[in-house]
Every structure is written in structure tokens, then in C-alpha cells.
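These protein sequences, in sequence, are chains V and C. Just so we're aligned, residue 1 is where the first sequence starts under the working numbering, counting upward by one. Just so we're aligned, residue 316 is where the second sequence starts under the working numbering, counting upward by one.
Just so you know, the hints here were simulated from the structure itself, not pulled from any lab data. Where a beta carbon is used, it is the ideal one built from N, C-alpha and C, also for glycine.
Okay, the calculated bits of chain C under chain V, using three or more residues with CB under 8 Å as the criterion:
#1 360-374
#2 407-418
Okay, the calculated bits of chain V under chain C, using three or more residues with CB under 8 Å as the criterion:
#3 15-28
#4 79-87
#5 93-107
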Amino acid sequence: MDLHDFPALFQQKIDSETKIEPLDWMPDAYRKTLIRQISQHAHSEVVGMLPEGNWISRAPSLKRKAILIAKVQDEAGHGLYLYSSCETLGTSREATINDLHSGKAKYSSIFNYPTLTWADMGAIGWLVDGAAILNQVMLCRTSYGPYARAMVRICKEESFHQRQGFDILYTLSKGTDEQKAMCQDAINRWWWPSLMMFGPKDSESNNTDQSMKWKIKRKTNDELRQQFVDMCAEQVKVLNMTLPDQELKWNTETQHYDFGEINWDEFWNVVKGNGPCNKERLDARRKAHDEGEWVREAAKAYAKKRAGKNKHIAA
Amino acid sequence: MQSFIKKYYYGDIPDDVAGSTTVISKEINKDATWPLWEVFIRSKQGLDHKHAGSLHAADAQMAIENARDVYTRRNEGVSIWVVESKYIHSTNPDEAESFYEPAADKIYRHPTFYDLPDAVKHM
Ligand SMILES: [Fe+2]
Ligand SMILES: [Fe+2]
Chain V
1 MDLHDFPALF QQKIDSETKI EPLDWMPDAY RKTLIRQISQ HAHSEVVGML
51 PEGNWISRAP SLKRKAILIA KVQDEAGHGL YLYSSCETLG TSREATINDL
101 HSGKAKYSSI FNYPTLTWAD MGAIGWLVDG AAILNQVMLC RTSYGPYARA
151 MVRICKEESF HQRQGFDILY TLSKGTDEQK AMCQDAINRW WWPSLMMFGP
201 KDSESNNTDQ SMKWKIKRKT NDELRQQFVD MCAEQVKVLN MTLPDQELKW
251 NTETQHYDFG EINWDEFWNV VKGNGPCNKE RLDARRKAHD EGEWVREAAK
301 AYAKKRAGKN KHIAA
Chain C
316 MQSFIKKYYY GDIPDDVAGS TTVISKEINK DATWPLWEVF IRSKQGLDHK
366 HAGSLHAADA QMAIENARDV YTRRNEGVSI WVVESKYIHS TNPDEAESFY
416 EPAADKIYRH PTFYDLPDAV KHM
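The whole structure should be built from the sequences, with the hints applied where relevant.
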């Protein structure tokens with residue numbers, strides 16, 4: 001092999017499980033795919049704070065409130081880890097955030113659904129964080145070093161998110177008839193959107209599977225989704241609740257649960273901006289960013305002034 | 316986007332199918348952007364500081380405080396260093412082979428190079 005055959009050397013590294021680091025040569029398309037994927041992931045963490053933030057001031061107890069604040073704060077941190085790893089690919093933070101606010105960049109559609117009751121905090125932790133964890137555990141082994149390291153850090157923090165969600169639902173499931181109904185209603189509303197989180201079916205996609213070849217991803221959408229269904233179908237029994245799917249049943253042959261068809265029209269509709277809360281979420285992000293502008297400016301001016309003063313003392 | 320990437324996964328909706336959200340472009344206000352800092356954390360006394368990640372902050376003090384808030388929320392550190400990313404210099408990975416070459420043929424630097432009689436225990 002020619003010493004300067006960069007694409008071949010690159011693929012050889014990937015195949016031998018050597019991580020790619022920021023200064024290494026990489027194909028343009030690899031860089032672009034990563035930038036798109038990591039920034040969408042970062043935006044999801046940040047926008048994901050909104051549906052839950054909605055319930056911080058209305059949490060049923062001080063304990064639940066403290067837990068929810070801690071969880072939402074973690075998600076802000078996840079956004080930061082991911083924005084940072086995106087920056088190692090040569091993008092600027094401002095441009096990345098600008099793409100979200102301009103409507104150019106996407107985030108996970110799940111956050112375009114409203115949080116109507118307290119039980120939704122439970123369903124989000126259990127189902128939405130649960131689905132995200134399966135994806136993120138896989139990404140801990142992704143081929144790009146900074147992305148993989150961010151994922152390891154995130155996964156360590158995620159484990160309490162799913163547990164606290166399940167704990168909320170479990171408590172409701174032991175409560176009054178009204179609380180039980182609230183628990184079941186939240187599961188009913190979040191189940192299908194959670195399944196959609198894994199993205200379109202494998203059969204929908206082209207046979208050229210560059211992301212897998214580059215080991216950015218290591219499992220297909222359908223593999224992850226099946227893993228999720230198998231996990232939840234068992235856990236829901238502990239809650240004495242049901243998943244809203246008539247076709248859900250154990251298949252002794254495949255040793256997996258069969259499940260019903262996802263409403264793909266709804267999926268694409270929400271992706272394209274027509275979900276129940278798309279506009280509200282983006283407006284909230286833009287407002288927060290715009291209203292914070294004077295703070296960012298002031299902090300910068302203050303830092304400059306203080307740097308000038310220190311120089312004066314040193315001289 | 317290069318056209319041969321057809322498949323997409325969770326958290327990765329390509330531009331061509333992402334739909335028609337109205338794009339409202341905004342100028343970036345340079346006066347409101349902060350520099351990038353690298354964060355190093357000592358997880359406990361006796362260990363080295365280790366690179367933890369990076370963040371944006373107006374100055375060193377703010378960088379340290381932000382680093383505390385994002386990288387040590389679960390007691391991951393007892394000491395934090397921050398340095399503005401632009402001051403970090405690095406080797407060039409493309410020259411790695413020749414750069415580290417001088418060390419490659421000096422196997423006598425490793426204890427395994429020396430074949431001592433069994434009678435010499437623990438050396
Ligand atoms: Fe997260
Ligand atoms: Fe989470």
C-alpha cells in the first residue's frame with residue numbers, strides 16, 4: 001500500500017479499532033457525518049431540557065424537585081460535552097448553535113411532544129432516557145475519539161435518569177386509582193414516540209452502509225429498537241401496566257417480542273416540523289439565547305477590563 | 316452532503332429529508348462569544364491532572380467555575396486546571412512515524428531485554 005494512500009490508511013485504522021483523533025486525516029464525508037450527528041445529538045440534549053423543565057416548579061415534593069433539577073442539569077452538561085466534541089472537528093460553537101436556532105439543524109423529535117402530567121416525568125425517564133441509553137452505550141465504542149469519550153462520561157451520568165423515571169412510575173402504580181390511570185396514560189402517550197427515536201426501519205435505507213463501515217454506528221436502528229422493546233415489555237410488568245400495542249407478544253422462535261407497526265407518517269411529520277411542540281421548543285431556545293446576549297457581552301467586557309488591570313499591576 | 320451516505324440512524328436525520336423548517340439566519344455577534352478553554356482535573360490527591368474536556372468562558376475564573384459545574388458534579392475532582400485552548404501546542408500526527416522513530420530501535424531500554432540467570436530473584 002502506498003504510504004500516502006490516506007483513505008486506505010484511514011479505513012485500516014478503523015478496521016483495527018484504532019480511534020480517530022481530531023488532528024488525524026479523515027475523509028471529508030466522515031467529518032461531515034460526524035458534525036451532523038454530534039450536533040443533532042447535542043441539540044437533543046439541550047432541547048430535551050425543555051419538556052422536563054416544564055415540571056420543575058410543579059414537582060410533587062421537594063425530593064422530586066431536587067432530583068428533577070439534577071437530571072435537567074445533567075442534560076445541560078451532556079449538551080456541552082457534545083458541543084465540545086463537535087468543535088474538535090473544526091466547527092465553531094456559535095455556528096452550531098445558530099444552526100439549531102435558525103431551524104437548519106435537527107434534534108430528536110421526541111422532544112416535540114408535550115408533557116401534560118407529572119407522570120410524564122416518569123415516562124420520559126424510563127422510556128426516553130432508556131432509549132437514549134441504548135444508543136449511547138453503543139456510541140461509547142464509536143470510532144471518533146472525542147465522541148466516544150463524551151459518550152462514556154454521559155453514560156455514567158445517565159444511569160440515574162432512567163432509574164428515577166421508573167421510580168416515579170412505580171410510585172404512581174402503587175397509588176390511588178387516579179394515579180394509576182395517570183401512570184398508564186403517560187406510558188400510552190410516550191411509548192410509540194419512544195420507538196420512533198431509533199429512526200426509520202433498516203429496510204427503508206440504502207444498502208451502502210457507510211456509517212457502519214466507518215464504525216460511527218455499530219448497531220442498526222432495528223437492532224436497537226428490538227433490544228428496547230424486549231427490555232420494556234418485561235419491565236412494564238413490574239409496574240402492573242401495559243404497553244399500548246395489541247400485537248406485542250413473545251415469539252418463542254426468535255426469542256424476541258414481536259410488536260406492531262410504527263406510524264411513520266407521524267414520524268416524518270414531526271421531523272419536518274409539524275409536531276405538537278416544534279415551534280414552542282425553538283422559540284424557547286431562541287428566546288433564552290437572545291435574552292442571554294447582554295450577559296455574554298458584559299462578561300467579556302468585564303474579563304477584558306480585569307485583564308487590563310492585572311497587566312497594569314505587573315508592570 | 317455526499318450522496319453515498321444513504322443510511323441514517325437515531326439522532327442523525329440528513330439534510331435532504333429533514334423537511335422544510337423555515338430557516339431564520341442570524342448574524343453571530345462576535346462581542347458575545349467567549350474563548351475556548353481546556354479543562355484538566357485531578358481526581359484525587361496523588362494522581363496527575365487529566366484532560367476532562369473543554370468549555371467556553373470569558374476568563375480563567377469563569378472557566379474554573381464552569382468546569383466545576385460540569386465536570387465535577389459527582390465529586391470527580393479535587394483540583395482543576397484550565398488553559399485557553401489556543402495556548403496548547405501539539406505534535407503532528409502525520410509526522411508521528413519519523414518523530415517517534417528514534418525510540419523504536421532501543422530495545423535495551425526495556426528490562427525484558429536482559430536475560431538473567433534464574434538464581435537472581437526479584438530484580
Ligand atoms: Fe442526556
Ligand atoms: Fe438523560
